[in-house]
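Put together the whole structure using the sequences plus the hints.
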Amino acid sequence: MGLTFTTEQKQTVSQRLIHMVNLLQMNRQDLLVYLEEQSMENPLLEVDDAIYSYMPSHTEENWIEQLEGRRESLRDELMEQLILESCDPEEMGIMEDMIYSLDENGFLGEDVSSIAERCGAAVETVRKCLRRIQSLEPAGIGAGGLKECLLIQLRRLPERNSTAEEIVEKYLDLVAKNHMASIAGKIGCSAAQVRKACALIRTLNPRPVNGFYEEENVKYILPDFMIRRTDGGLVIETADYSQDFVGVSKVYQEMSSLSQNDASYIRTKTREAEEVIRMIGNRKQTLQNIMEHIAGRQKDFFMKGQRYLEPLSMRDVADQMGIHESTVSRAVSGKYFQCEWGVFPVKYLFVRGTDRGQVSVEEVKERIWQLIRSEDKRKPFSDMKLQRFLAEEGYQISRRTVAKYRAQMNLKDASGRKNLS
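Residue numbers for the sequence shown follow our numbering, beginning at 13 and rising by one.
Treat each hint with caution, since some may be false.
What the hints assert, rightly or not - Keeping only pairs whose Cα atoms sit at most 25 Å apart, straight-line, the calculated DMTMM-like set for lysine to aspartate or glutamate is:
#1 Lys140 x Glu108
#2 Lys140 x Glu122
#3 Lys424 x Glu404
#4 Lys140 x Glu160
#5 Lys430 x Glu387
#6 Lys296 x Asp331
#7 Lys377 x Glu405
#8 Lys430 x Asp395
#9 Lys262 x Glu286
#10 Lys397 x Asp425
#11 Lys377 x Glu387
#12 Lys416 x Glu103
#13 Lys316 x Asp243
#14 Lys198 x Glu178
#15 Lys140 x Glu103
By construction, these hints were calculated from the structure, which means they are not laboratory data. A quick note: this is a predicted structure, and the numbers were derived from the prediction, not measured.
Shown next, in the form of structure tokens:
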């Protein structure tokens, strides 16, 4: 009996933990759906209809902004996959750099030696990091180009197809021209085998980012936090009042003449309802604590403006709060905050640093923008000259990185900015 009791206790704790993790990841809309489902399954859990009054309609612009095109970014998705693994801090920094260097197709155009030089790491370490990036979803991410992208997908299949792999490696141009007989002659197999292999190749995704974004992901945003600056500092409010609208029904509990089975059922459902209410409270407090810590670390952003973001990682927050990094990741996933500057995903406050974390990327971008704005349009600054100016000011980044940041800000290169009129 003792062994049986211990096993059941562990299962209950495990289920409760899984339940809590799922709750932590929910945003306000998800939480409302969850409570509706729970109340339908459990007659002892009452959800007051007034709960809908704190979920504003999409016409109330002071609470909601329709963020056209703002979707969960592929970079965030990839970083979350990495965070759930155990990564060496140096390797995590290198992989983050790689993820932010992916182009619009999901490819990584730089070679490992360039990345190693920029990150100050060994080439073999960078190769290891690249293999890890290429093991993530969607398949083909981090490839150097089309050929490698297709090969990565082929090598992940349950059954390897050596013919298809050889065709991709050597004769991809002939596939585009539909020269099956020529391919068959070159690799020494039947035309039927080649047709079958080419049919498989055509099922692969030539651009890893294809299908990652779906139209239904574009939606109205309900901020999970409201952050105001005051003379006394920041005021952070969690826009979650769900706990105020849920309770345990007294109707069933006060019923008389219940059978033993009915009474047992009501006791069970009462405990389940109380557990849901308790976990909702724990969720709110956890989110509040994490958001207060993040906002405290980025106080200058809220007090002075967007250019004052400081380098900050989820690991920094987790270490200082004494919690697991995955808890921070789940807590901020899909959450938004509203402040004086607008509505932002909480992840916006996590800033990758340059020069070993001493300077934020946003600060470097701001300085690049200022330099370009002040330049003589008849003789605009090249990326190399911008890099030299930045180096003189203490921003130690490469010319390639300058070009990347400039492109991310939709600023043209020197020739595109030149104006002779």
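Against the structure, the hints:
1. Simply put, Lys140 and Glu108 have alpha-carbon atoms about 13 Å apart, close enough for the 25 Å limit, and the pair holds.
2. Note on Lys140 and Glu122: the hinted pairing holds, with a Cα-Cα distance of about 15 Å set against a maximum of 25 Å.
3. A hinted pair counts as satisfied when its Cα atoms are at most 25 Å apart, and Lys424 with Glu404 qualifies at roughly 23 Å.
4. Taken as a hint, the Lys140 and Glu160 pair is honoured in the structure, with Cα atoms around 16 Å apart against an allowance of 25 Å.
5. For the given pair, Lys430 sits about 10 Å from Glu387 by alpha-carbon distance, which is consistent with the 25 Å threshold.
6. With a C-alpha separation of about 21 Å, the suggested pair Lys296 and Asp331 falls inside the 25 Å cut-off, and the hint holds.
7. Proposed proximity of Lys377 and Glu405 is supported: the alpha carbons are some 14 Å apart, at most 25 Å.
8. Distance hint between Lys430 and Asp395 is fulfilled; the C-alpha atoms sit about 13 Å from each other, no more than 25 Å.
9. A hinted pair counts as satisfied when its Cα atoms are at most 25 Å apart, and Lys262 with Glu286 qualifies at roughly 13 Å.
10. Between Lys397 and Asp425, the direct Cα distance comes to roughly 12 Å. Compliance with the 25 Å bound is thereby established for this hinted pair.
11. Pair hint Lys377 plus Glu387 holds up; C-alpha atoms about 16 Å apart against a cutoff of 25 Å.
12. The suggested pairing of Lys416 with Glu103 holds, with an alpha-carbon distance near 21 Å, which does not exceed 25 Å.
13. Of the supplied pair hints, the one linking Lys316 and Asp243 holds, its CA atoms being roughly 13 Å apart against a limit of 25 Å.
14. Restraint check for Lys198 and Glu178: satisfied, since their Cα atoms lie roughly 10 Å apart, inside the 25 Å limit.
15. Annotation: proposed proximity of Lys140 to Glu103 holds, straight-line Cα distance about 9 Å (limit 25 Å).
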